[in-house]
Each structure stands twice: as structure tokens, then as C-alpha cells.
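**Student:** Counting from 1 along the sequence shown, just add 424 to a position and that's the residue number in our numbering.
It should be emphasised that the hints constitute simulated quantities derived from the structure, not laboratory data. Computed from a predicted structure; not experimentally measured. Warning: the hint list may mix true and false statements.
When the alpha-carbon atoms are kept at most 27 Å apart in a straight line, the in silico BS3-like pairs for lysine-lysine are as follows [stated by the list, open to error]:
#1 Lys452 x Lys493
#2 Lys532 x Lys482
#3 Lys493 x Lys506
#4 Lys437 x Lys493
#5 Lys538 x Lys493
#6 Lys437 x Lys506
#7 Lys506 x Lys532
#8 Lys538 x Lys506
#9 Lys482 x Lys506
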Amino acid sequence: MTMQRICGNCGNKTFSFQDIQGQSFPYKSFPNVILQDSFMAYFCSSCGNVGLRSGQAKDLDLLLEASIKSQSSIYVNRIVSKYDYTQAEISDYIGFTNVYLSELKNQKRAPEFKTFNYLKVLSECQGALEMVLNSDHRACYYKHNYKFSREQRAKWKGIKYLPNENEDIEDPMAA
425 MTMQRICGNC GNKTFSFQDI QGQSFPYKSF PNVILQDSFM AYFCSSCGNV GLRSGQAKDL
485 DLLLEASIKS QSSIYVNRIV SKYDYTQAEI SDYIGFTNVY LSELKNQKRA PEFKTFNYLK
545 VLSECQGALE MVLNSDHRAC YYKHNYKFSR EQRAKWKGIK YLPNENEDIE DPMAA
């Protein structure tokens with residue numbers, strides 16, 4: 425005879441051992457991290473409470489960190505491929521070192537919550553990188569000390585590169 429488990433939160437007998445992949449959990453400074461990997465734990469179908477066996481908390485933490493690393497890597501890859509810049513250029517523009525961005529891309533490091541959200545905005549919002557280049561204090565150095573080619577300036581304006589030197593392309597970096 426199997427012993428029925430009672431949920432400590434709601435008192436129902438709907439506490440069963442099942443896969444909780446896709447559930448959301450708080451992790452360090454992150455209010456909600458969606459578990460991307462399969463993980464077996466007690467789950468109450470009535471209230472959504474999760475119960476862990478001894479030793480499972482550490483395993484769950486590792487999987488939540490892996491979920492953050494995986495999503496961060498996706499964001500970095502989107503940014504690099506979307507804007508057609510090298511990883512070194514992107515890291516300069518957004519204020520990170522190339523080594524840090526490489527660690528995020530290769531899932532060797534999990535970012536802080538603010539950095540995660542920053543990468544998410546840059547990867548999902550149209551024109552976000554251009555906004556960073558024009559207004560972010562970390563990009564001011566590059567704004568004033570880099571000479572951008574006509575092709576790069578045309579890319580920022582969203583127009584096709586015009587090789588004719590008589591055609592003047594307005595500098596998007598000019599204040």
C-alpha cells in the first residue's frame with residue numbers, strides 16, 4: 425500500500441511525485457526562473473506547492489542556474505547575429521568585456537538579474553542597441569572615439585549602404 429502525501433500548504437491529498445519541468449522558482453536575485461530541465465519532486469496539483477526530498481535543493485539550484493545560463497546564451501547569440509557585429513564590437517558597445525560576454529555565450533557564467541534583463545531587452549527590442557549607443561553612459565567613450573564607416577552608419581539608419589561618396593549619410597552618432 426502506498427502512502428498518500430498531504431500538502432503542507434493546502435492540506436489536500438494531491439501531493440504526488442512528478443516532473444516539475446516548466447515550473448517557476450525564485451533564484452538568488454531572480455524573482456522567477458522557469459525550470460527548463462526535467463526534475464522529479466513532490467508537487468501539489470491543487471495549490472502548486474513543491475516539496476523536495478533531502479538533498480534535492482542543491483540539485484534544483486544547479487538546474488535553475490543552468491536555465492539562466494542557457495537563456496543568457498540565447499540572448500547573447502541573438503544580439504550578435506541580429507546586429508551583424510563581431511562579439512568584440514558588441515561587448516564594447518554594451519559595456520561588457522569580451523571575456524565576460526564570451527563566458528555568458530558559452531554558458532560558463534550566470535549573469536546577475538539586471539544584466540540578464542539588459543541582455544533580454546537588447547535581444548528582443550528593435551533598435552535597443554542603437555539606443556544604447558546614443559544614450560548609455562557606458563557607450564559614450566565609443567560614441568566619441570570610434571570612427572564608423574559609411575557602411576556601419578547606413579546600417580544604423582536602417583538603409584542600404586550607398587557607395588557613392590557624393591551621397592551624404594547623416595551620422596547617427598552625432599549629438
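**Student:** Look at each hint and say if it fits the structure.
**Tutor:** Here is what the structure says about each hint:
At roughly 14 Å between alpha-carbon atoms, Lys452 and Lys493 fall within 27 Å of each other, so this suggested pair holds. Taken as a hint, the Lys532 and Lys482 pair is honoured in the structure, with Cα atoms around 18 Å apart against an allowance of 27 Å. Among the hinted pairs, Lys493 with Lys506 is consistent with the structure: their alpha-carbon atoms are about 20 Å apart, no more than 27 Å. Restraint check: the Cα-Cα separation between Lys437 and Lys493 comes to about 36 Å, which exceeds 27 Å; the hinted pair is violated.
Under the criterion of a C-alpha separation no larger than 27 Å, the hint pairing Lys538 with Lys493 is consistent with the structure, at around 14 Å. Taking the CA atoms of Lys437 and Lys506, the gap is near 50 Å; set against the 27 Å cutoff, the hint is violated. Note on Lys506 and Lys532: the hinted pairing holds, with a Cα-Cα distance of about 22 Å set against a maximum of 27 Å. For a cut-off of 27 Å, the pair hint linking Lys538 to Lys506 stands: about 21 Å separates their Cα positions.
Distance hint between Lys482 and Lys506 is unfulfilled; the C-alpha atoms sit about 36 Å from each other, more than 27 Å.
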